[in-house]
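There are 2 protein chains.
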Amino acid sequence: ALGIKMKDLRHPIPNWVTAGKTVRQLIEELQTFENLDMPVRISLDGGETHQGISLVMKRDNSLCLLVNSEAYYRTEWQAFKGSQSRDA
Amino acid sequence: ALGIKMKDLRHPIPNWVTAGKTVRQLIEELQTFENLDMPVRISLDGGETHQGISLVMKRDNSLCLLVNSEAYYRTEWQAFKGSQSRDA
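Going down the list, the sequences are from chains A and B.
Under this note's numbering, read the first sequence as residues 1 to 88, first letter to last.
Under this note's numbering, read the second sequence as residues 1 to 88, first letter to last.
Please keep in mind that the hints were generated in silico from the structure rather than gathered at the bench.
A few of these clues could be false.
It does not matter which identical chain is used: a pair holds within one copy or between any two.
Unchecked claim - SDA-like mimics (lysine to any residue), calculated; alpha carbons at most 25 Å apart, straight line:
#1 Lys81 <-> Arg10
#2 Lys58 <-> Asp37
#3 Lys81 <-> Gly46
#4 Lys81 <-> Gly47
#5 Lys58 <-> Ala19
#6 Lys81 <-> Ile13
#7 Lys81 <-> Gln51
#8 Lys81 <-> Gly20
#9 Lys58 <-> Leu36
#10 Lys58 <-> Tyr72
Build out the structure end to end from the sequences listed, making use of the hints.
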């Protein structure tokens, strides 16, 4: 996705960065938090920017996805709702 | 972040999209999965693309962040490691 394949990188990325976590591992880590009322945010840039979780879903019976859907609702969905009002 | 403020949107985004989840709510939803060995992936585009979780962290005692750090390790970190080898 980022252009260069992992095996082509000069300095191999540490395993913890790419290994990922299972549902079980994530539950265990979340349970160590003292304050369970903190909001959870997801980040794809090392924590620099982050978004809330819109929904938790299972895909193809093989992945658990934590999804933010705000971008869609700010763009395509606005156009879709616009077209609906014009039809009414 | 996406240019247009939420209050300026013509069609208000449904609350579930932006409300987010607390640590407690996320644990509860994750516990409903039958297969706890599925990998968890995070997505900021409604599920179209997704990445694994590199680490779970607390920030400022007020946020729980689920972070993918792969982009950093493919770019800046490569340069940093490169500069280290030249110094050696």
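Looking back at the hints listed earlier, which ones does the structure fail to meet? none
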